[in-house]
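**Student:** One line per chain: the protein sequences are Y and D, in this order. Convert by adding 53 to the 1-based position in the first sequence; the result is the number in this note's numbering. Convert by adding 1255 to the 1-based position in the second sequence; the result is the number in this note's numbering.
In short, the hints are calculated from the structure, not lab data. Any given hint could turn out to be false.
Claimed, not checked - Restricting the straight-line Cα-Cα distance to at most 30 angstroms, the calculated cross-link-like pairs of lysine-lysine (DSS-like) are:
(1) Y:70 with D:1352
(2) Y:136 with D:1595
(3) Y:128 with D:1352
(4) Y:195 with Y:175
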Amino acid sequence: MKICIKSLSKDYFTEGKRIKALANVDLTIPANQIFTLLGPSGCGKTTLLRCIVGLETPESGEIAIGEEIVWSKEKNIFVPPEKRGLSMVFQAYAIWPHMNVFDNVAYPLQTRKEPREDITRKVEKTLRLVRLEGFGNRPATKLSGGQQQRVALARALVAEPKVILFDEPLSNLDAKLREETRKELRSFLTELKITAVYVTHDRIEALSLSDTIAVMKDGCIAEIGTPKKIYFDSDHRFVADFIGRANLIDGKVTAVEDSYTIIDSGIGTIACLKNPDALPGNAVTLCIRPEFINVMKGDTRDGRNIFRGRVESLVFVGEAYEGEISIADTRLITRIEPTAIVKEGDEIALSFDPDHCFVLSK
Amino acid sequence: MNRAMLNTRTALTPSLIVIVGFLTVCPVVMLVFGSFSEGLGAFGSFTLEKYIRSYTDPDFAGIIVNTVIFTIGSAFVATVLALFLAYLNTRTNIPLKFLFRIISIIPMMIPHILFSVSWVLLLNPSNGMINLFLREILSLQGSPFNIYTLQGMILVEGLLDLPIAYLIIAPAMAAFDVSLEESSKVCGASNLRTLTRVTLPVLRPAILASVILVIVRSLASFAVPSIVGMPGRIYVLSTHIYRIIATGFVADYGMAAAVGMTALATSITLIYLYRYLTSESEKYVTISSRGYRPTVIDLKNAKYPLFGIVGILSFVLIVLPVVVLFYTSLVPYSMVPSAKAFSMMSWKNWVEVLRDPISLLSLKNSIFLGIVGATLGVILSIFVSYVIVKVRTRAAGVLESLSFLSFSFPGIVVGVGFMWFFVQTPLYATIWSLLIGYIATYLPYGIRPLSSAFVQIHSHLEESSRVCGGGTLYTLRRIVIPLLIPGVVSGWILMATMFLRELTLSVVLSRPGTEVLAVQILRFAEDGLWGKLSALGIMMIFISTTLVVIASLIGIKLTRVENDRKRRQVSV
């Protein structure tokens, strides 16, 4: 079921100051996709999610889930959360401590007054799906963090909702468990073909889990796109910087070729992936990620996108070195293979992959 | 550390165990022996007669039924009101939230006996002010309300125990993870279903703890059963014991002890249940979500009506008792406030009280007990808390359990136990017997604030002072004592106010010559001398408040000396 949000606004007050949590957000969340709201803390992503589910009342705008308008200032409609037929997985899971696993999962069905046999059957099926078979009689709080997380997921799935909302559901798990759970979640959700709205501040989670990512900043949607689009070819400086490690270089467009835009910058002339919006004479920022800056072996020839620089620092981070290279006055971060014979203070030649150099239009 | 210091330290714990053990265990042991003895004069001569007589008494079943209804009813009233207030305070946008703090603290300042009296003055069937007023305007024959009933007792006791219930429930409500409710709503549950299936069950440990603690308190309560219950011939365990020793032809302390065993056993069982429940509640600890601010429920149109209820409650709990007493102390007999009443006002009752030698004696005795008793009690508490918090050996653990034991002893039962003890000593019928009894019963009130003060003085603070070159005494003076002063002051205030108003223990131990304020007030109530009672009661509140103010001022002054020194040093 798709979700349509029209010019939604929400303010709140802290210590006498008015803070815009949402500023005229327009957003369409397509049906049967994993849609992620990504952004730094305080960007309004959780507020937006809570507005969709009905736990928060916006100041103005309209929210429609499928064909039904669930909130509208103008039309004076407010459908309370319990009538919206959604599911939500909370950040701390919100597992009811006084119930066992079975009762926690059965709760949404009990509120719908389904027959007892149906409830038992559906709960067992869902527990099997999340690999918690036989845990029904356990007190919910006696489970591990990962298991509690799966109880919360089972509770969200059991009533077969059309839309399921996630509020940073993995942030309470440790790193390794988080990775596993992320993969599981991805396979559950793609299997079930439901609309999932997922809030997170973790870019890796967003990139690996989503069909579509909306990056938020200061109560606005900055950019929407597939993970690859957001990572490799984002339009916004903020988005490019937030989604991964990025070298941002200011410059001016000098020429536009068939497949590349040529930019003059502080470190020299750089050929970038063509951007139709960047016209000769425009001041622009280009972005290149550390993994697309290559250290050249042996004798270096001068050529397109080849620059000479000095290794300022070199940090071993496990799978690679993270190097800081200065070219003229610009400092760039690069990823250097652990096998490369480079040390601090060396003069080296670098090449930029022009297909992964992209111009930020905003 | 030199040898002498080591020795004093090792000697401290056992000697404290002996003192505190004597104070708490002695009355219980004496109670047990007493219950098997013929009478005060024949201590130690074994007999089962007292038990047989007490428990075959045809009235006894009725008393137990009354006690059960009274305690459970009070617990219900106090807990429901506390839930209501705590919910409004922590979860809604009700205005003037500071009122809730006041409601939870101030009623502790008003002595229970005076609170009960003020309700009797308002609602007694013969000349209660509200009854007189309603009879006048509705021209009724009889009185619409009668406070001298079980319902009346439950109402007054429930209001008196509201602060205790609130102090247990409010923190639990504040710590409640709101997402538990939110997820219930998202799952499709209505508000009512969320309340009954999620909110109340999650709060269950706190609710049960509150219910049990109020039951223990009302089981020990003597003020309400004596002032409100006895005129209507409604007896509960505490007043039944009182009746056995204070009225009738012969005071039978053996039978009192035998009946007291029931109250004591019930109380101890309930306190153990309470402890079990509070430890069990850890099971309910969930991963709490960080970050999201709980949404405050907008009460909309219900805001001011609900606030009205809170306003009435605070008025009834705080203002009304004092106003009613003050008014009654000025008029010659019970009457509805009117022009006539105002014209007849005088200080006559006050003058009479101040001329009455027994009232003056009780004032003197209570002030002595308040000041000297609290001072001695705090000194003992300092040592006990020091051992509990800082020494932490197994013996210190024994001391801790001993010193909190008296929490679960109903005052009148402890009084009977002490009676059996003091009769064998020259302390009988002296003010010192009261002093010892008070300190024994109220020791936890001194230990609580002092042990939390000691907890704050982390050993690193002392150690760093020593490393900086401060000697033992210097460290004590500059670091330990200044940090301890707030605990000392609040311990002293708690003990002094408790001693000044003490009733339940005193009705047993006080003899001619050792009358105290609350007992004298009870005598006035039994004789229906409401005007004199009110005058003496207002004096009691005034003295109690004065002690609190003086103690707080001294506390502020002592801490300021330290701060001034700091300031001077900074400016130098």
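**Student:** Is it true that the CA of residue 195 (chain Y) sits at most 30 angstroms from the CA of residue 175 (chain Y)?
**Tutor:** holds (23 angstroms)
**Student:** So if I understand the rule, the pair passes when the alpha-carbon distance is 30 angstroms or less; does residue 70 (chain Y) with residue 1352 (chain D) pass?
**Tutor:** holds (21 angstroms)
**Student:** Next pair to validate is residue 128 (chain Y) with residue 1352 (chain D); report whether the Cα-Cα distance is within 30 angstroms.
**Tutor:** violated (35 angstroms)
**Student:** Is residue 136 (chain Y) within 30 angstroms of residue 1595 (chain D), Cα to Cα?
**Tutor:** Violated, because 63 angstroms separates the two Cα atoms, which is more than 30 angstroms.
Comparing the model with each earlier hint shows violations of hints 2, 3; every other hint is respected.
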